[in-house]
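Asks: In order, the protein sequences belong to chains Y and D. Using our numbering, the first residue of the first sequence is number 4, and each one after it goes up by one. Using our numbering, the first residue of the second sequence is number 208, and each one after it goes up by one.
Don't read these hints as lab results, they were simulated from the structure. Some clues are possibly wrong.
[Claimed, not checked] Reference listing, derived: stretches of chain D covered by chain Y, where coverage requires no fewer than 3 residues with Cβ under 8 Å from a Cβ of chain Y: (1) 214–225; (2) 723–736.
[As the list claims (entries may be wrong)] Restraint ranges, calculated between C-beta atoms of paired labels, are given here: (3) D:A762 <-> Y:V46: 43 to 53 Å; (4) Y:R115 <-> D:D963: 44 to 54 Å; (5) D:T769 <-> Y:M61: 12 to 22 Å; (6) Y:L118 <-> D:I774: 25 to 35 Å; (7) D:E837 <-> Y:E109: 15 to 25 Å; (8) Y:K68 <-> D:D963: 49 to 59 Å; (9) D:P924 <-> Y:L118: 50 to 60 Å; (10) Y:R115 <-> D:E837: 21 to 31 Å; (11) D:I774 <-> Y:K68: 27 to 37 Å; (12) Y:M61 <-> D:H928: 43 to 53 Å; (13) Y:V46 <-> D:E837: 46 to 56 Å; (14) D:D963 <-> Y:L118: 21 to 31 Å; (15) D:T804 <-> Y:E25: 22 to 32 Å.
Every residue, glycine too, gets a C-beta built ideally from N, C-alpha and C.
Spelled out from the first residue to the last, the chains are:
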Amino acid sequence: MKKILVVDDEESIRFLYTEELEEDGFSVEAAKNGEEALEKVSVFKPDLITLDIKMPGMDGIETLKRIREVDRKLPIIMCSAYGEYKQDLTTWASDAYIVKCADLTELKTTIRRLLGLS
Amino acid sequence: MSDRPDAYALLTKIIELSTAPLPIKDKLDQMLQAIKEAFGAEQTLLLRREKIVENGFLWRLASEKKPFWAGEESSLPQEYVHPKEKEMLRPPFACFPLFDKETLQGTLYIGFPQNRRVSPEEMDLLALITKEMGEAIQISHLNQRVGQASSELTALHEMGKAATSTLKLQELLESIVKTGLRILQAQGGVLRVEDRTTKELKVHWSSGDYSKHPLDEKIAKRVLMSQTPFLLNHSGKDNPMRSILCVPLRSRERVLGTLAFYDKETDPSRFDERDFQLLLTMANQMSFAIENALTHHQTSQLAWENEKRVRELTILWELSKALLTTVNFDHIVQMTLTAITIGAGLGFNRALLFMVNEKTGMLGGTTAVGPDNAEEAGRIWATLSKEKGRLSDLIGRLDFSKDENSALNNLVKEIRIPLEIKDCILSKTVLEGRSFNIRFPQSEGAWVQTACERGCQLGSEIGCHVGKHLSRDPVVYSFATVPLWGKGKVIGVIVVDNLYNQNPITDEDVQILTMFSSQAGLAIENAILYRNLEEVHQRLKETQTFLLHQEKMAALGELSSTVAHEIRNPLVSIGGFARRLYRSVPDEAPEKRYTQTIMIEVSRLERILSDLLDYTHKESLTFGEVDLREIFEESFSMVSQDLHNGDVKLLKEYPEVIPKVKGDQRQLTQVFSNLFDNAYEAMKGKGTLSLRVHPVSKNGSLFVRIEVEDTGNGIDPENLHNIFNPFYSTKESGLGLGLPLVYKIIASHRGQIEVDNRPGEGVTFIITLPAATQEEKKQTSA
């Protein structure tokens, strides 16, 4: 079973993503900020991370950098409430970027693609 | 018949004859006849003094003042008789010298028949008669002198009358010459006056062709220089001037001029001493009158010039005042040209203005004022002459609009003259910064004959355009050009002419035009500066509005991104959980619809949020070569699915090759998906959506023109001007950011958007985008 780490400061988003992804057969852990996410990466060892960009304290971009310092291959999907960061996608060395939407079809398709699931 | 005369009867007869009103010659003839008859003489002669042979017998007799009787040959002292006298002095005869006081007048000779003897009494009687004859001669001489003196007096009186009757120089001089001609019985006369400033001796009045004779002027100059009268009587009929009389006109210390008369009408044509004296008297008397008239003439000339100067200054002042009433360029130009052409102003027939364009180095026809033809000219002048009031008010009241469409104005507006054509009089006026008064443009040897590059006979394009087309007779077409000075440089040229009334343009006219032009030049330059200022001000205002808008948008963007972030997350969970609920609720349960409603509304909110973020987002463009076909397909696929339902026909009209455009793929897709969305929505499920694409060429550049046409209801004209304003929506849903976004994107692509609105029928959005291909060409060629 593939493990997914959901990083988001919003409780409701963490809850929705966990419910949806567990239903799809993933093992899901959630972190509410960057520091917690870094801890969980080493402990939980996820196969994929969904990382919210705008978070209090250490934001998604900083968190991405830190993770990449230890793991350069781990698939990471950057999530944002709007499309402002689209341009800098490649420089962050993330694997995908999606705009958050109530319809999780795009997110799920991306996850399956990155994990090599059909 | 007794040969003894009746002394009483003879004396009575002689005295009667002496007092009779007869010419002296007739008197003497009749007296001689009476003597002959009374004495029964064979011959009676009155020998004039000049006929008496000098040192002859009769001459000797006259010097002794004694009568002489010769009865026979022996009583005649033969040694004294001159051979010429021999024929006449045949005794018996009697001789009586005839004296007028002490002056010998002649000798009375009476020849008697042979054997007639004359008694001493008869000798006394004859001596008495001789004396009476002498007196008759004397009286006749006296009468003649009195008559002459009286006619001279009359002449002088007439002249004096003429001198005092007028102060007008020309009239006075005319009357002097005419009176002189009459008194002196001359055939011609010339009066010359010396110009005080130029020292030139000018003919002021002449009668006959004598003033044209080269000798006349030479004589006049000599007389003037020497101040000596001149009299010459030629002999021979071949001489062109047979007698000349010329005197200086002297007044106080100065010589004013000369007065000459030619060819006395007598035969032979000679002026005598008396004529000479008479003319001198006349000249002396007239000189003072002439000097007075000259002074008067000069004074009135000065007064007239002063008056004229004052009038000109008044006109200038009035015109300048009129120019101060506005800073509008068109008005000032019209006023200037009108002031030049109006009769109460400078009064030229037509005025044309050419302005210098420094960027192009050309003189361009700007405006022209003047009638198109002579009839119109007459009509305008008639109307203007009725107008009352001050000049400045008059010009202010004029309606300029009617001149705008005159043939002259249209013609002038098309004239372009490169300043480098230095032969052109207009270029010359600008380059040399001075005025030209071209009186006879085709006069021989004049510089204006040098042809300009267009082969203009007047040496300038103004000739080509104005002279050739508008002058009735280009041979005498004359005009003047005056530079229009701004501050330190020539900004244009004013051209004037008097085409219709053919009044000559004087140097003074040009001078006052130059004075006025310097005023007008400053006013026009000010107007240009003001116009530029206004333009800059307008641009500044636009920029300010744009910046304000930008600032608003930036603030809005900042606000909305914050708000969006805060709202989107809850929306994601609301919508997300609604979807989860929807999936778990059985299809037949009423909750299925409740949750569906939540899902749809959340989707709508999310779309509004996206629109708002898209519009306010300061996204930098990623320009590339874009294939419009791809963009159209993608845009169609983005149109909301529910709009696709219904009976909407889609017409695509593409050329074989659509030139690629330079642009941002994502943004252009936004543009067309918005337009298509609107079109579908407007047609409410029924109609035709046409998409037409054409490559077009504009100003040498390639563009792609895209037309999106629907058959909806069109846009309410009331709303038309607002469609590109943000947050202005007539739709039930949406923030009203669709068309503003379209506008923003097209503007950032340096494209154009037009709307062809047909209320009730539909609307067409026409977008023009620059093609990418020409950019490529430039790059490859560079």
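Asks: Hint by hint, which ones does the structure fall short of?
Replies: Hints 1, 2 and 14 are the ones this structure does not satisfy, whereas the remaining hints hold.
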